[in-house]
Amino acid sequence: MCYLHPLTWGTTYLGVVWASRMAFKVTTKHTPFQLVYGLEAIAPLEFLKGSSRVGPPRIDDLQGISNINMNRLHQLEKKRTIAYSTLAKEKIKRKAWHDKNLWKTKIKEGSLVLLYQASLYNKKEKKLSTGWTDPYKVTKILLKGAVCLPTLEGTQIPLVNRSHLKPYQESK
10 MCYLHPLTWG TTYLGVVWAS RMAFKVTTKH TPFQLVYGLE AIAPLEFLKG SSRVGPPRID
70 DLQGISNINM NRLHQLEKKR TIAYSTLAKE KIKRKAWHDK NLWKTKIKEG SLVLLYQASL
130 YNKKEKKLST GWTDPYKVTK ILLKGAVCLP TLEGTQIPLV NRSHLKPYQE SK
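In this text, residue positions in the sequence shown follow the working numbering: the first is 10, and each later residue adds one.
Calculated from the structure, these hints are not laboratory results.
Among the clues, some could well be false.
As the list claims (entries may be wrong) - Label pairs and their computed distance ranges (CB to CB): (1) Lys102 x Pro41: 19 to 27 Å; (2) Ser60 x Lys34: 39 to 47 Å; (3) Ser120 x Lys98: 34 to 42 Å; (4) Glu162 x Gly140: 15 to 23 Å; (5) Glu86 x Asp108: 29 to 37 Å.
Stated by the list, open to error - Below are the BS3-like pairs computed for lysine-lysine, each with C-alpha atoms no more than 25 Å apart in a straight line: (6) Lys34 x Lys87; (7) Lys153 x Lys104; (8) Lys117 x Lys146; (9) Lys109 x Lys175.
This one's a predicted model, so the numbers in the text were calculated from it and none came from an experiment.
Beta carbons are placed, not taken as given, at the ideal position from N, Cα and C, and that holds for glycine.
Between the sequences and the hints, there should be enough to build the whole structure, so can you do that?
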């Protein structure tokens with residue numbers, strides 16, 4: 010992991026960017042590389058082992074090559090249009106799911122919850138550390154998601170929003 014060895018970011022970065030560009034995105038149904046250049050990227054292995062896509066082009070018919078390139082440009086515009094429409098549909102679908110499940114939580118009065126407090130940890134040193142704190146017992150749920158939480162010892166803390174809570178599950 011790069012957070013354990015900060016000096017490895019320089020060597021890891023290019024691989025991460027390459028992987029991100031080559032990854033198929035569900036929202037667009039294409040890879041980002043396809044949407045920019047209109048064709049699949051050539052993997053470095055294809056240069057080493059050889060491939061029909063890597064070899065030198067044969068220039069026999071300049072008019073035919075020009076037509077092929079124009080056809081590729083038109084196909085690229087179609088791909089981009091389709092990707093934009095699927096992205097818009099996916100956005101609407103995800104928003105509908107989010108709105109449907111927004112307040113569907115298992116937090117009730119008397120249940121144990123964990124409270125998220127981002128200020129409790131240093132983001133630079135411990136990127137993967139948690140900000141969830143000790144279990145609290147819900148005493149009262151107020152309007153618009155406000156929750157009264159005393160600690161298990163009985164000390165009252167200020168009101169918190171329900172979005173900062175998640176149900177506590179005891180380990181067996």
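Results of checking the hints against the structure:
For the hinted restraint 19 to 27 Å between Lys102 and Pro41, the CB-CB distance of approximately 21 Å keeps it satisfied. Between Ser60 and Lys34 the C-beta distance comes to about 24 Å, which lies outside the given range of 39 to 47 Å. Taking the beta carbon of each, Ser120 and Lys98 are about 37 Å apart, inside 34 to 42 Å as hinted. Checked against the hint of 15 to 23 Å, the pair Glu162 and Gly140 passes, with Cβ atoms roughly 21 Å apart.
Distance hint check: the CB atoms of Glu86 and Asp108 are about 33 Å apart, consistent with the given range 29 to 37 Å. Taking the CA atoms of Lys34 and Lys87, the gap is near 17 Å; set against the 25 Å cutoff, the hint holds. Note on Lys153 and Lys104: the hinted pairing holds, with a Cα-Cα distance of about 20 Å set against a maximum of 25 Å. Pair hint Lys117 plus Lys146 holds up; C-alpha atoms about 10 Å apart against a cutoff of 25 Å.
As the CA atoms of Lys109 and Lys175 are separated by approximately 18 Å, the hinted pair is consistent with the 25 Å bound.
Checked against the numbered hints above, the structure violates only hint 2.
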